[in-house]
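Asker: Given next are the chains, with one letter for each unit.
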Amino acid sequence: MSAFLAATHMTGGYGGADILHDCSITVEKGEIAVIVGPNGAGKSTAMKAVFGMLGLREGSVVLDGEDITDLSPQARVRMGMGFVPQTNNVFVSMSVEENLEMGAFIRDDDFKGTMEQVFELFPILKEKRRQPAGELSGGQRQQVAVGRALMTQPKLLMLDEPTAGVSPIVMDELFDRILEVAATGIAILMVEQNARQALNIADHGFVLVQGRNRFTDTGEALLANPDVRRSFLGG
Amino acid sequence: MTEILNALVLFTNFVILPGATYGAQLALGALGVTLIYGILRFANFAHGDLMAFGAAGTIGAVLLFQAIGISIAPLPTAIIALPFGILLACALALLTDKWVYRFYRKQRAAPVVFTIVSVGVMFMYNGLTRFTIGPDDRQFGDGERFIIKARAFKEMTGLSEGLAIRTSQVITLVIAVIVVVALFRFLNKSRTGKAMRAYSDNEDLALLSGINPDRVVMVAWLIAASLAAIAGTLYGLDKSYKPFVFAQLLLPIFASAVVGGIGQPIGAIAGGFIIAFSEVTVTYAYKKVAFYLGFESDSLLQLLSVEYKFAISFVILVVVLLIRPTGIFKGRVL
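Those protein sequence lines, which keep their order, are chains A and B.
In the working numbering, each residue's number is its place in the first sequence (first place is 1) plus 976.
In the working numbering, each residue's number is its place in the second sequence (first place is 1) plus 302.
Hints were generated in silico from the structure; no laboratory data involved.
Please note that a few of the clues may not be correct.
[Stated by the list, open to error] Here are the computed lysine-lysine pairs in the DSSO-like style, where the Cα-Cα straight-line distance is at most 27 Å: (1) Lys-544(B) <-> Lys-451(B); (2) Lys-456(B) <-> Lys-541(B); (3) Lys-491(B) <-> Lys-1102(A); (4) Lys-1104(A) <-> Lys-1088(A); (5) Lys-1005(A) <-> Lys-1131(A); (6) Lys-632(B) <-> Lys-1104(A); (7) Lys-491(B) <-> Lys-1088(A); (8) Lys-589(B) <-> Lys-611(B); (9) Lys-1102(A) <-> Lys-1088(A); (10) Lys-491(B) <-> Lys-1104(A); (11) Lys-456(B) <-> Lys-589(B).
Computed from a predicted structure; not experimentally measured.
With the hints as constraints, model all of the structure from the sequences given.
Answerer: What follows is the structure in structure tokens.
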């Protein structure tokens, strides 16, 4: 039985030279997997490859037993992937509530319940539901962005540097929320710049270097690994 | 007291009423421009001639109705002919998109390429309009011309100045209010309207959310073409219909959209009235108003002659682009 998300032997780039070389990422249901590594290691690229935003020369992406290697990102959303881009991840001119509605655009059923769940998870959003998302603080915007992605009730939620540009306190709060999301049984894959904190909450960590898997282990083991500590976590 | 009232009536008759009517027409035109800018991200220079074509369609239907004797007197026949103008304009816009703009969308052409393409489309529309309806000046407003005639007003009030309220002015304002309310309800309440706002706000995220770009573009053209046909018909009804006038109208329409903040529907409306009232107040000769207020003057007290009215939009456009390029309501920078 393969993993819930099994992206294996991914090789490819944006058209020019390959950025990913035989890179593999796996996530299980209810687990948090984190991709870390130095700048330019291809972390975001690996996630984009999982989401179908770049062409793979080799390798495959299997979600919940179905091969989705050839599907477009939009089709993958329908298959149960939720993606939160790093930047420009909210509709700034639209209210928080409208942002969530747009997240549920592909759903034809009643999504009021899902919206209530998102409001339960992020109570501040309920308070600010009528405010344009562009007027919110960085941390609140990220909550809107995650909430928007959750509206499709994804099986796998992908977050590209969710804590970029927010304060340490807000970062801790966001990580707490992400743990709560994982607890509902959703698989979470995220790319993180704040490697130490991310590995702390991660079940699995993938350390990439130059588009290749360098270390793959549980978050705890990676934090304890002296090699990883010295090269990536600053001692 | 009577003198002040006379001045007020004079001012209303020659500045406020025409300004409001012209403002509503500009606002409807600018809404179409701003909508296309928000969704397709280019300045559509063909919008003026789309207005001309839509109005021509309406006039064609008016002639047909008059020939077979359908009328809704005392209201002008143009009101029931308007849906045909709208339909023709919509068909033309969709065909243009299919045959012209789609090609450039597939190429992911730069906005400036689209703008130049729209100039070509503008000349094509212009030729099409002249072929079908001819270049001549036309009056197509039938029915009762005035709701209140100047003389009747004078007799009613005993003032020496008359206030004439023309049917076309009232129709323009009523239709403009209905259209604007309907458009805002659509954009803010309906699923498709919200999807259009989302697409305009953040195209990538809209695609990620599963919003169908082809549908958004189609609806944008339908709305823009409808607005163009309505604005063109109302302008022709109020003044007179000359096909080439609409190319000149492009300047005040773009100025309205930019002043209000391009891409912002509310800005297009505010901009329309700002441009219209600037034009009317600056080119109006205040001599008689001043006379009633007790100032005798030998000159006309006119800041700028009417021939230069387009210069006003131009100056406002330049000043806004220099000082606040995002416009009043913070639209995108052109």
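Asker: The structure should be examined with respect to each hint, and the outcome stated for every one.
Answerer: These are the hints, each one checked on the structure:
1. Lys-544(B) <-> Lys-451(B): Roughly 26 Å between the alpha carbons, so the hint for Lys-544(B) and Lys-451(B) holds.
2. Lys-456(B) <-> Lys-541(B): holds (24 Å)
3. Lys-491(B) <-> Lys-1102(A): holds (19 Å)
4. Lys-1104(A) <-> Lys-1088(A): holds (17 Å)
5. Lys-1005(A) <-> Lys-1131(A): Roughly 8 Å between the alpha carbons, so the hint for Lys-1005(A) and Lys-1131(A) holds.
6. Lys-632(B) <-> Lys-1104(A): Cα-Cα ~22 Å, so holds.
7. Lys-491(B) <-> Lys-1088(A): Distance ~16 Å between Lys-491(B) and Lys-1088(A) Cα, so the pair holds.
8. Lys-589(B) <-> Lys-611(B): Answer holds: Lys-589(B) to Lys-611(B) is near 19 Å, not above 27 Å.
9. Lys-1102(A) <-> Lys-1088(A): holds (13 Å)
10. Lys-491(B) <-> Lys-1104(A): holds (19 Å)
11. Lys-456(B) <-> Lys-589(B): holds (20 Å)
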